[in-house]
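Mind docking chains U, G and L on chain S? Use the hints.
There are 4 protein chains.
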Amino acid sequence: MNPCEKFRARGRKPWKLCIQILKIALVTIQLVLFGLSNELVVSFKEENTVAFKHLFLKDYKDARDDTYAVYRQEDVYDHIAFTIQRYLALRNISVGNHAYERMAGGQHGMTVCKYFYKQGSIFPGNETFDIDPKIETECFTVEPMTPISDLSLDDKFWNMTLDFYRLISVEIMFKLKAINLQTIRHHELPDCYDFTVTITFDNKAHSGRIKIRLDNDVGIQECRDWHVSGSIQKNTHYMMIFDAVIIVTCVSSISLCIRSVVRGIHLQREYVGFVHQRFSKSVPLSDQMEFVNGWYILIIVSDILSIVGSILKMGNPGKESDKL
Amino acid sequence: MNPCEKFRARGRKPWKLCIQILKIALVTIQLVLFGLSNELVVSFKEENTVAFKHLFLKDYKDARDDTYAVYRQEDVYDHIAFTIQRYLALRNISVGNHAYERMAGGQHGMTVCKYFYKQGSIFPGNETFDIDPKIETECFTVEPMTPISDLSLDDKFWNMTLDFYRLISVEIMFKLKAINLQTIRHHELPDCYDFTVTITFDNKAHSGRIKIRLDNDVGIQECRDWHVSGSIQKNTHYMMIFDAVIIVTCVSSISLCIRSVVRGIHLQREYVGFVHQRFSKSVPLSDQMEFVNGWYILIIVSDILSIVGSILKMGNPGKESDKL
Amino acid sequence: MNPCEKFRARGRKPWKLCIQILKIALVTIQLVLFGLSNELVVSFKEENTVAFKHLFLKDYKDARDDTYAVYRQEDVYDHIAFTIQRYLALRNISVGNHAYERMAGGQHGMTVCKYFYKQGSIFPGNETFDIDPKIETECFTVEPMTPISDLSLDDKFWNMTLDFYRLISVEIMFKLKAINLQTIRHHELPDCYDFTVTITFDNKAHSGRIKIRLDNDVGIQECRDWHVSGSIQKNTHYMMIFDAVIIVTCVSSISLCIRSVVRGIHLQREYVGFVHQRFSKSVPLSDQMEFVNGWYILIIVSDILSIVGSILKMGNPGKESDKL
Amino acid sequence: MNPCEKFRARGRKPWKLCIQILKIALVTIQLVLFGLSNELVVSFKEENTVAFKHLFLKDYKDARDDTYAVYRQEDVYDHIAFTIQRYLALRNISVGNHAYERMAGGQHGMTVCKYFYKQGSIFPGNETFDIDPKIETECFTVEPMTPISDLSLDDKFWNMTLDFYRLISVEIMFKLKAINLQTIRHHELPDCYDFTVTITFDNKAHSGRIKIRLDNDVGIQECRDWHVSGSIQKNTHYMMIFDAVIIVTCVSSISLCIRSVVRGIHLQREYVGFVHQRFSKSVPLSDQMEFVNGWYILIIVSDILSIVGSILKMGNPGKESDKL
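Chains S, U, G and L supply the protein sequences, listed in that same order. According to my numbering, the first sequence is numbered sequentially starting from 3. According to my numbering, the second sequence is numbered sequentially starting from 3. According to my numbering, the third sequence is numbered sequentially starting from 3. According to my numbering, the fourth sequence is numbered sequentially starting from 3.
Wrong hints could be hidden among the right ones.
Since copy identity is lost for identical chains, a pair holds within one copy or between any two.
[Claimed, not checked] With a Cα cut of at most 20 Å, we get these calculated EDC-like pairs of lysine to aspartate or glutamate: (1) Lys315 <-> Asp68; (2) Lys15 <-> Asp217; (3) Lys15 <-> Asp80; (4) Lys120 <-> Glu190; (5) Lys177 <-> Asp193.
None of these hints come from the bench; they were simulated from the model. As the structure is a computational prediction, the values presented were derived from the model and not from experiment.
With the rest of the complex left out, here is chain S (with noise of 0.2 Å):
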């Protein structure tokens, strides 16, 4: 019997049914409303790539990265020397918020790395080599505060010389950091991000054609200390009040689904014996099954992973909001 005839036959209002179209609502808004802030998380991440790729690297044009390389050893120095100077000036130049990421102890700054051959002569001419292909690693660090003595920079850099008959590659890691401000004008609290950009010159095929990459890795994580003017924390409270009206009708959908499957497993167990009295014979799986409807099993499941979601979700701006 569907809901209408059941109100039909019966007068009994269909509460069951009020509860799930209820709950699609909430829930859709819920996941809407989720989508949009975390829209905010991506286009961050993406236009600090964007803009990374700009300022670090030399000569970068928009959507060329297929083509994006260098094919002379000069410009593989000024290529490297370019995203130096460039993170040293890092806040002069930048138009965003970023800083360099500060540690106590431990390696910071940026870290310039070549990868090589451990040993090799390699004579195409003669057509021999002698190559051995243990892969050896050497860096050196730039600290983000030193003064631009452009001179200094060069005699420390110029040390580091490539043999580029045995360059395996050469990566340039730093870490920035920056703070997503655009939040605050949706009510929300901003985050800390943390940008882990590794310039990649990769020579692995000894074609003549480096190829450089960009990548940039995001963490994200709650500010330590802030303070914002005015009334923001309103709309973490709301959200919260929401994802809890969400849980509670969640439950109830749940406990109405629950007492249906207990009521047709009842009735199963009476129609079991039943049979088995009059007619000595055991019913088969498939009929009993019958009185077990598998949407309320689906419901109950799709209720549980909701609730869990929702208490996570509250678990996040939880935090935030109790230092409120």
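Chains U, G and L alone, transformed into the frame defined by chain S:
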């Protein structure tokens, strides 16, 4: 009975049909002429927008609107300075009929505004920030007639330092006027155009990428005072006569259709009376509607719209032709 | 009866079929040869147009024809001066066989014309204008053999100031001659080409965007006097013999088809007479047409066209081979 | 009877089926490995071609091959000089393992050849020309080890003036050698590559546009003398063992199939004899063919091809592993 049968049966000439065909032809011609004259307006607007982009945006290239952005603090100042210089030198640079908007009082000239968070100290390195999400605005204006002594311009301009970490956007706004002379070659009067150009440096995301956008709002109006040698007014009169012919045609089409509808209603009433007398029962509404031809109603509505449109269209050039 | 049946029944060889197949093969070969020789002409024209764009248009880039435009007064003068300088220095610059058109009297050299409204004062700022839509033309010519003393060129040129507010267009026109030498490698005689190059600076819209367009009209003709070492005339003779064979084949195809048609008409007349005598009734036209095979008519028409085409084609190289 | 039925009916295990499945798996793996190793070869060749275009062609840009051309006499000289200078300085410029081809005697280094009509005077202005379509060639070579004293290079080079009106093409040809080191990381031996680079300035059309094309022919061969530290020979041995396993599998597959075919033919002969004796009539060929399973024939053919291919493949790395 369709028109052909009517002609064969009673020898009546199909006036209604002829008028409909004539009307369709005339309205089509009117529409085509109107469309052609409108195309000039649209293309003038679009060409001006392209010209403004090339004149006021530094290093602008065609078909790269989505990647047109700056990434360095210096570039932002350069782009703003470039736009101001181009604006001041406009009369010596532009190949079009562009002029500054002149007003008796009030604001005019170019307005450069920066929008920023009221107060803020942001330290992504420490993951701390202190911000007031209220937005403040600071503007200054550039008089179009000031002589370009670059020094003083720079002085004035550099005083407006941009704090990129709390800058939301910079907007440069100015109004230009132009006259669409090419209509004169189609024997129409040139119109005067007001262009409100807005150049936006969008730093909402604080991602290190400031997108630059040029928007161009257009207002079209009659020029205040003008003189054209030769016979340009001819065409306007012809257009008005043509519009009048269309109105006359539509009016006769309406009157014929109304006559038919009225006759149909008479017939319907007689039939209802007859049925009521003879069979003492009422005729259902669906049968009554059989006597009213729906197509006639549609034609009447369409004719009324055509007449209203033509009158509005006549009203516009009518004002101009009064002056002739 | 189709050819196969006829052969089996009466032992008659299918001459008509053989000739048709032969004809199709020959005409296809003729067409392919003609197409190949024509492709050289078309590609020569197109390559010259591209070369002219690169030679005479400043900062021209491939595949950007639709956005090739200037936006600044200075650029217009620069572009015109560039074109004139390139024209004067053509013999030292071009890698092709380009030469100036030489005439006994009359105008030659490069013509620079500006078209503008006769009189006008336009004040978009006041929304007033006073204009005479008649178009005036002012031209000056540049002799190709004048030595490039840039100073005098500039003097002459800058006297022609452009009033952009009433300028409609600037047209630069000149004629160049060239010889398509590559046909010599296909054993055909090189042709002489006349290129009429027109560069248009189009300011009709007065929108601040002057579009630049280069048009290239081509005239092809035999060269007046020439000498080629070696055996180039061979091929022309062979082509003529080939064309003659095609004509002969078409003529025999026509005569066989006409014979069949004539026989069909005879048979038809006899049948009509017979029916008239025996049954005293006339044969309807549709039955009479059964005796005439429509395909033969089609073949005759197509043959006549082939013969006419071949004769025209022979006439053209025929003139050239007379001189050999 | 298919394998399953045979197993049920007679308890015979389906050896033939198992061997076929095993064979398919092994051959697929062999093919995939071979494809992967070949991909390195193809990509190495293509990357080198791209690198050569960037190294030796002036102002080359990616993905513009079809519009890469020069239009001015000066540009032709510049492009040729650029290529020669880059060739001489190759070791200091290229980031790849490129070396000049060295030969004991005979020609080596870079060869610059110009092709032109033997004799010619062309006056497009007069529409007259006098030409000898025989093609002459003039070449000079540039020794790779000459020190770049630009002056002497220029002296030598400018002596070769190009008469553009009769120039057909300029070809610059040189050989480079390289070693594909990246295979070492896949535990394969690096191969030595011979690149024959041909840069063609194509003026066949004399249209004012000289198209420039770079072609790169590749020869791959074992390097003559080499030494690799560590255990690179392992992989070659493993590959050979794998190939041997495939050959063994194919041989057993063949022998099983041949046995079945032979048995079929025996049965067929007995049947023919029986029918001949009993019914004194011969069995038609189509009935006889029923006894031979066509699929077995196909499998035998395919196995023979697999064995031949595997032996050829073993032969190649086999030579290399001999040296180990």
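Within, between, both or neither: Lys177, Asp193 at alpha-carbon 20 Å
within (17 Å within a copy, 40 Å between copies)
For the identical chains here, do Lys15 and Asp217 meet the 20 Å Cα criterion within one copy, between copies, both, or neither?
Result: close neither inside a copy nor across copies, 58 Å intra and 57 Å inter.
What label fits Lys315 with Asp68 when the C-alpha limit is 20 Å: within, between, both, or neither?
Result: close neither inside a copy nor across copies, 39 Å intra and 35 Å inter.
Cα distance capped at 20 Å. Does Lys120 pair with Glu190 within a copy, between copies, both, or neither?
For Lys120 and Glu190, the Cα distance is within 20 Å only across copies (18 Å; inside one copy 52 Å).
Is it within, between, both or neither when you check Lys15 against Asp80 at 20 Å Cα-Cα?
Result: close neither inside a copy nor across copies, 77 Å intra and 70 Å inter.
Consistency note: the structure conflicts with the earlier hints numbered 1, 2, 3.
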